[in-house]
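Undergrad: The hints should help you fit chain G onto chain V, whose structure is shown.
Chain order of the listed sequences is V and G. Residue numbers for the first sequence follow the working numbering, so the first one is 1 and each next one is one higher. Residue numbers for the second sequence follow the working numbering, so the first one is 1001 and each next one is one higher.
Please keep in mind that the hints were generated in silico from the structure rather than gathered at the bench. Hints are all accurate, no fakes.
Here are the simulated distance ranges between beta carbons:
{"#": "1", "chain 1": "G", "residue 1": "V1080", "chain 2": "V", "residue 2": "L325", "range": "31 to 39 angstroms"}
{"#": "2", "chain 1": "V", "residue 1": "E278", "chain 2": "G", "residue 2": "T1061", "range": "45 to 53 angstroms"}
{"#": "3", "chain 1": "V", "residue 1": "A218", "chain 2": "G", "residue 2": "P1005", "range": "40 to 48 angstroms"}
{"#": "4", "chain 1": "G", "residue 1": "V1058", "chain 2": "V", "residue 2": "A21", "range": "33 to 41 angstroms"}
{"#": "5", "chain 1": "V", "residue 1": "A282", "chain 2": "G", "residue 2": "T1061", "range": "44 to 52 angstroms"}
{"#": "6", "chain 1": "G", "residue 1": "E1013", "chain 2": "V", "residue 2": "P312", "range": "25 to 33 angstroms"}
{"#": "7", "chain 1": "V", "residue 1": "G351", "chain 2": "G", "residue 2": "D1100", "range": "24 to 32 angstroms"}
{"#": "8", "chain 1": "G", "residue 1": "P1023", "chain 2": "V", "residue 2": "V27", "range": "36 to 44 angstroms"}
{"#": "9", "chain 1": "G", "residue 1": "P1084", "chain 2": "V", "residue 2": "G351", "range": "23 to 31 angstroms"}
{"#": "10", "chain 1": "G", "residue 1": "V1058", "chain 2": "V", "residue 2": "A282", "range": "50 to 58 angstroms"}
{"#": "11", "chain 1": "G", "residue 1": "P1005", "chain 2": "V", "residue 2": "D366", "range": "36 to 44 angstroms"}
{"#": "12", "chain 1": "V", "residue 1": "D366", "chain 2": "G", "residue 2": "V1058", "range": "34 to 42 angstroms"}
{"#": "13", "chain 1": "G", "residue 1": "D1087", "chain 2": "V", "residue 2": "P355", "range": "18 to 26 angstroms"}
Here a beta-carbon is modelled for each residue, glycine too, at the ideal position from N, C-alpha and C.
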Amino acid sequence: MAETVAEQALKRTPLHEQHRALGAKLVPFAGYEMPVQYPAGITAEHRAVREGCGVFDVSHMGEFVVRGPDMVAFVNHVTTNDVAKLAIGQVHYSTILNERGTIEDDCLVYRMADRIMLVVNASNREKDLAHVLRYAGGFDVTVEDRSDDFALLAVQGPKAEAVLQPLTETDLSAIGYYWFAEGSVAGVSGIVSRTGYTGEDGFELYVPAADAPRLWDALLATGQVTPCGLGARDTLRLEMGMALYGNDIDDTVTPYEGNLAWLVKLAKGDFVGKPALEAQKAAGIPRRLVGFTVAERAIPRHGYPVLVDGAPSGVVCSGTMSPMLGVAIGTCYVPASHAAPGSAIEIDVRGKRVPATVVKPPFYKDASHK
Amino acid sequence: MANVPQELQYTKEHEYVKATDDPNVVVIGITDYAQGELGDIVYVDLPKPGASFGGHDVFGTIEAVKAVSELYAPIAGEVVEVNPRLDGEPALVNSDPYGDGWMIKVRVAGDADRAQLMDAAAYSGLIGQ
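If we strip away everything but chain V, and leave its shape as in the complex, we get (with noise of 0.2 angstroms):
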């Protein structure tokens, strides 16, 4: 069949073949052409993932390197956590703000001894690297934009480590969640990050792009991982409460008003967007980002309008059905009035106001990391 030309303007991630091999589904995503699902279907590669063993071709994720003897004070000052509290081999979640305390992305911030890793969202990649760049002056760091050098795989399940660690030297029991060590898989030389987007326990191996079909081919054959697609990914992340860029939070809110005050560490001296920040918290926190949950059968997805008090009240941001729980699950900004476990709202659905309650995330609360 001819492809067209917007679909030769996507970009592929190293695994592209062996996915069209397996009969994944592709489609557009932050630029690249990526698998959605597998013929197993997005049920079944959710199960997988919360019962056995997952593997993700999130390739597509930026990775930034930054080098230098500023490179702590640097990563400080363009994020919100406290990078002089990572020790070497440590990693932790963060957020990149503007000057309006606004939420640029977020990230994940590797610790090594020297450098710093910052992997990013795809569909970010370019802004990001612009926006720190413009923050680099004074500093003496170099940051390179290596997201192309690299392929990522997230091996996923509480099945992770049993499957995973006839294939490498390295003592995984002795990474802890959040920690990494470099070393191999099936003889293929990177990250091992303990690390990941699905609530359960689990691995992010960041690996050279051209060695990246020869461990996903490994990791399959042991005939006890599942490929599983985007899809997936995003059922499993939603019922973990864990944000989606581009969803759940973007440049017009705060990690306050997104529920990741956990990620700012106002002590830890100046940063991009802390004046923000303070002036925010002194006025008050006007709306939450909520977790909720709706008891009749319908789906509130990203766009449908919420309404609180019958007023509307801004829109869905994630939802979908959880494939755990059996009852459909979303979030939304709502008044800090209504940000308490239990309150009411409505959702608009296709027309039909549908009755919603508010709950504290995890939707899903069994994962095998919390």
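TA: Chain G alone, transformed into the frame defined by chain V:
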């Protein structure tokens, strides 16, 4: 390859029409191709027996994990039976769209709409196979 049974008729919105022993009653559902495109189906909202609609009217909605779609009536008629199993087992639409995953049986109002339906060859062409 999606299954496109020879004996059925089809719409461009991916519903099928299947004959029954009663020449005035047909079975309506969505095609194997459609269920594959939708992915895992979690809710099917269907009209109650006695409801009637014109050709091309929306007669229900189908919710998959990823998206919601409307169901379009291939022909005008009155609903005489609704698949009772789909309430509790919507995934039957995925596993057996032409059999246990059928949606409604309709008493056809007239033959006018049936001429608009596609045969298996035309539908196969529509879905590119």
